[in-house]
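On the provided structure of chain A, position chain B as indicated by the hints.
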Amino acid sequence: MDAMPKWAEVILIPLISLILAFFLSGLVILAIGENPIRALQIMISGALGSTYGWGYTLYYATNFIFTGLAVAVAFQARLFNIGGEGQAALGGLGVALICLYIPFPHWTMALPAAILGAAIFGAFWAMIPGYLQARLGVHVVITTIMFNFIGASILNYLLVDILRPPTSMNPATARFPDATNLPSLHDVLSVVGIPFSRAAPANISFFIAILACIVIWVLIWHTRLGYQIRAFGQSESAAKYAGISPEKIIMVTMLISGGLAGMMAINNVMGEAERLVQNAVEGAGFIGIAVALMGRSHPIGVFLAAILFGFLYQGGAELSLETSIPSDLIVVIQALVILFTGALDDMVRAPLKSMFLMFRKPEATPKAPKPAE
Amino acid sequence: MDIFITILQILDSTLRLATPLLLACLAGLFSERAGIFDIGLEGKMLAAAFMSAAIAFVTGSAWIGLAAGIGASLVFSLIHGLASITFRGNQLISGVALNMLALGLTVLIAQGWFSQAGRTPTLIGDARFTSLTLPFAETLSVIPILGPIYKELISGHSILVYIAFLMVPVTWWVLYRTRFGLRLRAVGENPAAVDTAGISVIWLRYAAVMICGVLCGIAGTYLSTSIQAGFTDNMTANRGYIALAALIFAKWRPWYALGACLLFGFFFAIDNRFQNISLYAWLAIALLILIAALLFFAARKSRLDMFVLGTLGTISAAIAILIWTTNGLAGSVVIPGQLMQSLPYVLTVVILAGFVGKATPPKAGGEPYIKER
Chain A
2 MDAMPKWAEV ILIPLISLIL AFFLSGLVIL AIGENPIRAL QIMISGALGS
52 TYGWGYTLYY ATNFIFTGLA VAVAFQARLF NIGGEGQAAL GGLGVALICL
102 YIPFPHWTMA LPAAILGAAI FGAFWAMIPG YLQARLGVHV VITTIMFNFI
152 GASILNYLLV DILRPPTSMN PATARFPDAT NLPSLHDVLS VVGIPFSRAA
202 PANISFFIAI LACIVIWVLI WHTRLGYQIR AFGQSESAAK YAGISPEKII
252 MVTMLISGGL AGMMAINNVM GEAERLVQNA VEGAGFIGIA VALMGRSHPI
302 GVFLAAILFG FLYQGGAELS LETSIPSDLI VVIQALVILF TGALDDMVRA
352 PLKSMFLMFR KPEATPKAPK PAE
Chain B
328 MDIFITILQI LDSTLRLATP LLLACLAGLF SERAGIFDIG LEGKMLAAAF
378 MSAAIAFVTG SAWIGLAAGI GASLVFSLIH GLASITFRGN QLISGVALNM
428 LALGLTVLIA QGWFSQAGRT PTLIGDARFT SLTLPFAETL SVIPILGPIY
478 KELISGHSIL VYIAFLMVPV TWWVLYRTRF GLRLRAVGEN PAAVDTAGIS
528 VIWLRYAAVM ICGVLCGIAG TYLSTSIQAG FTDNMTANRG YIALAALIFA
578 KWRPWYALGA CLLFGFFFAI DNRFQNISLY AWLAIALLIL IAALLFFAAR
628 KSRLDMFVLG TLGTISAAIA ILIWTTNGLA GSVVIPGQLM QSLPYVLTVV
678 ILAGFVGKAT PPKAGGEPYI KER
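Protein sequence lines, in the order shown, are assigned to chains A and B. For the first sequence, my numbering begins at 2 and goes up steadily by one. For the second sequence, my numbering begins at 328 and goes up steadily by one.
Pulled out of the complex, with its shape left as it was, chain A reads as follows (with noise of 0.2 Å):
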């Protein structure tokens, strides 16, 4: 099984889906009567031109470290949790109530309270169909979808009728006190000295999601209960015959990833907005899928992923303001980017399998059969 070597299957097949995605987007630009390389020009100087882009890119890329890493985790249960949109509104509800009802002295206090809080609400949401799928075999996909527009609803009620301030017509929560404000990147750069951009709203939660990529790998890689995690994901009746129990795998899971897409909120709801608004979370937990199956379900990847995903938000939204090219060009470019990373990925591998199965022939020794991994 071994045709092909390690780093094209981690570098070589992202990157051919990705380019096969640009190109066809590259297509659809040209189809509506605009030019595709200078699209890719405005985004490229939009996104990465200067520190005022650069901390956009890094804002929207820490949401989609969160959310990426919530699917990545299920992915090595083999969960597929796209809840993560659901989760990361709860682990909003769970950052404002922290928030506005906690008087805190200062936000190194008031951070590690608000990432509980997120994480608690957004596990909790995750709960239930982790398990329904545990206890009743209800498939996690279903439960998870319905599970985000039910999340929507709730919100919708809290903010316009229970959260909002009597004095206001926003449907939003009041802001939150100064003292919860987390510090930008152009704060924490200044100290040593790197000038950033003011005005972009990229803040400490971006080391936050550092901090998780780590965790997770550590978890997933270096712990029992991540070996145990990826041996279910890899066959869950040789899992069951190690002694690993179904049932709390799955649900620590989805407890996990649940709380990871719920994090996200210490970025969107505390470190940029500083209050809970409407549909905060704007498609991020539907990234987080793109971003998971291009980083291969790895923290590194995931990390390189949102950096990209990041980019081209920051960059569709900078095109959208200097070409008639509406931002939803991006959501066609994910979308493309999911089909064939996660569902053409066959198409992609089988014709790379054969290339490098031509190069491989003339040094033809019989090695030894390596263990499949």
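Hints may contain errors.
[Unchecked claim] The calculated BS3-like cross-link candidates involving lysine-lysine, where the alpha carbons are at most 25 Å apart (straight line), are: (1) K578(B) with K241(A); (2) K354(A) with K698(B); (3) K241(A) with K690(B); (4) K249(A) with K628(B).
Since the hints were derived computationally from the structure, they do not count as laboratory data.
Structure of chain B alone, referenced to chain A:
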């Protein structure tokens, strides 16, 4: 008499709202009975809604629009088939990707084509499916009770509504009374057996996916050329997912699907007509306490049950106490419209949780068929 008219009007709009659900639900039924999971119903409907409205506007004919809508939906079906049958990819991921693709692409193309903020121009005249008046609707309306029922409820719908309801017996007949239907159901349960009998699994599955495309195409066309006069951004509004829920509720059976779609259509009709529903406070409290008691009772089996069901029970008990303290026993509680909208989703989860009976999906669903060599 007023109540009678109100009931008739609600039932009338139930039929209208159930139509797209029913078509999409039967579409999913064909696909899933053949072993191809399809969460891309939403995307196919959306693509069809756009293409039919665009072509109907350009040609001025709703029928050509219908053909174009079915065509667009079939293209998406073909991609899904390619991903899940030919390249044996993940069917769920393919569905998610296609939903996203439709969401982005429709707006992008609509913007490039019509430059009306991602919409098509309003359809007039023959570009829409107008409502048919069945024969004798006027003359029979003098008959008490049956007359108005015939005139208001049965007559006066677009032809697509009648097609949708006709599709239920047709689907039943095709699935249970034809050779093709038997093979189609077999391929969803045990593809290897079908293959052994010398029948092409691949061809059968493609046929099922294509039928699914045609039905989704009609559903989408109905939305943009019949219920409304033109395409608007994301106009399917999660109907594809609700159809999916109805399909599970119906346990993958055509007549049950009719019942499930009518029920969900009824919820939407109620929700459209009454923004808020008020309930006696004592009734709401009693209901919540009952739910809490049931959950606590069911939670005695294991630690996991205790944790999850206990949490849910505590939450419903807490809401009951909250209602009691704020409204008292004699007051009334208003169930807000936002929460009413999530009722179909809540119901689906409840049903899936097994309160109504176990829903067993087709055995080979979601698994690509790999021919033995």
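**Request:** List, from low to high, the hint numbers that the structure doesn't satisfy.
**Result:** 1
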